[in-house]
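Residue-level listing of the chains:
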Amino acid sequence: MARREEGVVSWVTLSYLSGGNVMGSQNFFRHPVERSMSNISPKNLPSKHYKSPAKKATQQLLASNHAAAPKPHLGGALAAPPSRPPALRRLLFLSLLLLLLLASLVRAAVAAEEGEDEEEVFTEELLLRPLPDRKTLAHFHFRSSAPPSAAAGRHHHVFPKAIAQLVQQFHISELELSFTQGRWNYERWGGYDPMSTNYAKPPGVELWAAFDLPLGEIDATWKNLTHTLSGLFCASINFLESSTAFSAPRWGFKLNEGNLRYGALPREAVCTENLTPWLKLLPCRDKAGIASLLYRPSIYKGYYHSQKLKLTSSQSSGIIIDQTLTVVLQPDTLRGKQLHSTDGQEAQLQPSWSIKDLFNRKLSGKCLISKSSRVFVEIEKDIVDKSDKSGAEASWTNELFVLSTAPNRVFKELKDMDTQPSSLYVYDVSNYNNDKPLDVGITWKLPLIWYCTPAPYHANRFLMGSGNERGSIALSFRSTNLRKQVYGSSNDCSIKAVVFQVVPWYVKVYYHSLQIFIDGNSKAISEVVDKIHVTPSVDKLLPGSLEMLLRLPCSMQSATLSLDFDKGFLHIDEYPPDANQGFDIPSALVTFPEFNSSRSYPETDTLFMSPLLQTFKEDGVIKSYTEVLLVPLTTPDFSMPYNVITFTCTVLALYFGSLLNALRRRIGEEEMELKKAAAKRGLIPLLIAKLRGKKLDPPQQGSSPTSLVSTKLLLKVVFVAVVAVAFHYLSNS
Amino acid sequence: MASSTTEEAKPKPRLIVRLGIFLASHHILFSALCCTAGIIALLFLPSLAKNTYLSENALIPGSANTLFSTEDILEANRFLKGIEAATGESRGGTDMPKFISQEIKNLGAEVHYHEFLPDRKCFHPLKFFTSMTNNMAVKPNGTYTNFGINIAGIIRAPRGDGKEAIVLVTPYNSQGDQSNELLSLALGFSVFSLLSRATWLAKDIVWLSADSQFGEYAAVSAWLNQYHNPMFLSDPVILDTKMYGTNRNLYEHDDTTEKAELMTFKRAGTMAAALIFKVGETRKYNDRDSVTMYAEASNGQMPNLDLLNVVHYLAVHRQGFHVNIETFSSLLSSSWLKVIAEVFQNVGSVLRKINPDWKLDVNVPDYVEGTANLANSMYNQALGVPTGSHGAFRDYQVDAVSLEFAPAFNLKNENAKFSFLLRGGRLTEGVVRSVNNLLEKFHQSFFLYFLTAPSKFISVGVYMIPFALFLAPLPIVAAALAGDSKTKGKLVDECKTKDIVGDLEIGGESWKWLKSARVLLVIQIWAALVSLLPYYISQIPGAMPTQYAVIWAVLSIVILIILYGMFGSPYHAGVEWRLLKATMITSITIGMGLMSIINFATAQLGALILIPMCLFSRPLKAQLEMNFLPRIILFISNILLTVLGFPPAALLVMKCLSKGLWTVDIGDFWLWMEFLWEWSSATYLYVFLVHLPCWLLCIHVLLHPCLQPESKMKQE
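Taken in order, these protein sequences are the chains called G and U. Counting from 1, position 246 in the first sequence corresponds to residue 246 in full-length UniProt numbering; the numbering is continuous, with no gaps. Counting from 1, position 168 in the second sequence corresponds to residue 168 in full-length UniProt numbering; the numbering is continuous, with no gaps.
Among the hints, a few may not be true.
Said to hold, decoys possible - Computed cross-link-like contacts, DSS-like style, restricted to lysine-lysine with a CA-CA straight-line distance of at most 25 Å:
id : chain 1 : residue 1 : chain 2 : residue 2
1  : U       : 266       : G       : 523
2  : G       : 445       : U       : 105
3  : G       : 308       : G       : 254
No wet-lab data here; the hints were simulated from the structure. Note that this is a predicted model, so its numbers are computed, not measured.
Could you build the full structure based on these sequences and the hints that come with them?
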């Protein structure tokens, strides 16, 4: 779009507004006052020549009307007038004119920017991949990029302003926020491809960010960041603010100089309220383009749902945000038939599906602002392998499957090994429209069983022990024999694995109790652990974190690491509302640094720029997240605090009362007191006597017949009781 | 006022002290009153039972429409045919696990085998309560052909986070093929296949087919032990080859990866609840299929009442089952109970007339049934032995209940089978659904309760009353006896006694109780030694239970004589019987108090015998000074209670009452004790550390020579 409209200022603006996409232009009009104000400032001059150190100089230049620099750049956009400066006066005049123009023709300036190489670009892509267990993976990838801030200023027209402000305010160099529901099945959906490496995330929220700040300011900035994100995404990310919730890994998570913070909230529920703000960041939202496929009932029906926002910012390349949504869906086409098929073969038949089956929508055209809009269908290499064996070329229609629409192009992964690469079928969405919607699908011709390449080890984590006192965390590795498959079976090698684990403080891990068992034999720690970095937890202050580099022998079949822990006690107001559920230990991350999932594709066309494939090409160390654990802690009985308080108070009062009494009492004094008391009568008898007008008699000594009094009293009591019972009986009957 | 005598030097003691002194002076009346009240309160318990109700609102049982349908029954029938064919092919049973695991795999769920050896239960006195957790550690070498195979299938909840799991257990016997067991497997499978398609799951589902050839409990507990306390030191594959030897091959092709895959133990988070269900024998209860709930776990632990409530609610109000709990059927027809029931009904109706809110008048049949159920509930809790494999779950703080379905019609009838499967499946699904709704683990409802009917319970607040009444006179009697012995010899009237006791003189006299405390200590040591003896006796190979028991008895007596030789006989030391009795009562108070915390039901039942025995005990020689009638009564009750208080005698009497056989076999006692320690029941500890020493002290008191002629009993 930008290229076509180059130079035609007003038209661009108009088309922008009338392009049927009010949503898309929302960023543009978000703060009109602020925009017009800020546009006057020279910082917003859209020029790539203005690097940030040169800001002040430019300002001075402009102030003194020596605004020669922006001219050639703007000249392209603003067409004729200020093209050739023959004289200084004319130049001055033109500069003034230029300033005026700047103030009034805001959109022109922005449009001018589009004409340049560094422009705000938005691309949308969708990758579909059939999975071995009759499910389908759909991966939405939206990338918006903004040129470096000096050039873009505070204006954006496709790039979300909120994110730009976030980056500016908190000096973020990298940030990744993911909301996940469900678990990635590493055994069935693969553990050795870019998808599982980059987009398989632990359940709940995971946030990490690297800051471009002095180390002392990072914690404070992180806290502000969590609050901002929490507001931005309608999630309780602000719980990561507390110092007990985040940690600063040095190398176990991602190599850094101490400017990275990592936090996870495993219990955070993910729903549409998180998706809506995420969609707001897209220029077309879900009104047009690929995002329009995001029909809520179908994407939340899936088996895995992970929405992620990845943000990278640097002085040279500007800000790039990758918004991805990875869902694993069950195409509901063949459900009924599979269920009661007695034939094993038929049960294994893959369901044929199309976009309509998956999302209940068809794709009718691209988001107009997007630079490119593509749909990929990826076929695992295992299938490609089989189709090749059967003799057919890797075309879109072969003996095994047929794609419903002919692809625009086909990619094959470049591989140096003799195994077959996976193939990608590319559809350009711009070729489709409302009349001719894209509904790509796959129809299987033969029943097919294939497997995804697993990670070298399956990592599982579980709790051991029972009771409220102590337990152990065990991390087990199970070999998938990948090494043997890939590199042959040499036994004298070792595989590196990095374990990164954060444990909340109330799970008091004893790191010295680390035990390692390989194939059922206990190993010394020094044999296996190459490097270890432990941050012990501090009660109510810091979580414990463990970074560990392991060297596991290739021939190993299974290994288990175990760590003992004690369960701590929380203060009564530290318990969450549903305390009896237990407490979560966030997922551990296991990385295999020697294995890389990056894929390379042949560079056939320089114009063919796909951010999705770009991320596939990037260095992707194999990662896998383990399960979240649930630790039951001792919980007070919240349902009857009143009873508990009264009981304990009574017991304490009785105990202390009698103790004090025993300690304080002086029998001799008491006797004297009693004698005195016997000498004079109590207050009430005195009063009664006065009321009766009688003279105060001296106390009678030994005259009261005790037996008589007691029988009288007894009679009275019995009488009252009989009357009460009789009254009750009569009144009830 | 009472003390305002001419002598004013003595101050009026405090009210509580006066009350204590008053009670102590009337301690015989007080203890008689309390014990009677305790027994009456105990008998009143069935009328005090309340209806159960759901405390946890999240459970909402039966609010969703059940999805278990005809298709699932077809699935169950298909499974049943398949497994019948599989068992028919080869006796010896590798086909059954193979078939089950293949079926689970076809559903798309994860599956693994868990092999276990029958654990030989032996007596570990030093790890009495913990012995169950580590008994798998010792694995003998060599190959085994006799081992059990559990098959566990796991459904990962589609959108869940995998932190929690619900466990379904169906016992089966891999060696036999009883049609009931196969049917329960089919029922389990059809529910599992339904759940594998459910999208509403929040917790993972584990379906365990427990190989019950060594007993259901052993299989489930072995699996749970592996789940919670795995041993990493032995390689599963190596162990597996050892276990299998060469002749049994469970795997289709000798595929090592598949084998490793199947042998890898898989887990699914913290367990939220467990449901064990099996199909039992055909039984007729007024034309309705019935379900029997078993809930008692070890040492009187019960699952949360909410779990039982959910099962009961769904079974009765949704699926129309007849729900039972275990009962003492002999009590149902006993005439004396009916007499008591009528008395209580009359008393209850009178009370109701006084206050309509006191709804104590229970119908005679209701009362009788309630008592029979309550007695069974109490007995099972007191025994401390789990009534089923749910007990294994309770050891890991997982709430679990066993359901035994009893179809009303023969299941050869297809229609009966159809409706039975439909309702059984729906009930199971409903329970899973309710538990799945839970956000927190079960904690809202009661953990301490007795059941008098499937939908009636007695909570801890009510059933504590009889026990408290039993326990109340003990300190008073002890104080009275101690006070008595202090004032003995001084012929003083009651009024003076009070004053002196209130005064608390501290002199040489008051330390005399130390002598009796020493006797108590010696007897406690003896009891501890006797309780440890079985560990050594059971090491003797190849003896009959009777021989074991005789050795045990002889050794106990020898030890007692040796201890007396070392520390001196209690009678030589000149211990006064009142003090001895006071010490005994003090020790029994402490023992009972502690036991009531460990296992309330044991303490309650024990108190019924032990406390009257203690209170009545009085030296036979001292009794000579009494009048004829009280003497005879006292003598008879003493002898009777002492005989009943002796554990073997009590066992014998109980056996005779239940079976009507009067055969004396001392070996039975050994077997009974073996049964208790095998299950790590705290009742064993109670019998030997609380009951037996108390009984011996009672004997001592009874046989006290009463050398001090001045020891006078205080008369009412």
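Going through the hints against the structure:
At roughly 23 Å between alpha-carbon atoms, residue 266 of chain U and residue 523 of chain G fall within 25 Å of each other, so this suggested pair holds. Annotation: proposed proximity of residue 445 of chain G to residue 105 of chain U holds, straight-line Cα distance about 24 Å (limit 25 Å). The suggested pairing of residue 308 of chain G with residue 254 of chain G holds, with an alpha-carbon distance near 18 Å, which does not exceed 25 Å.
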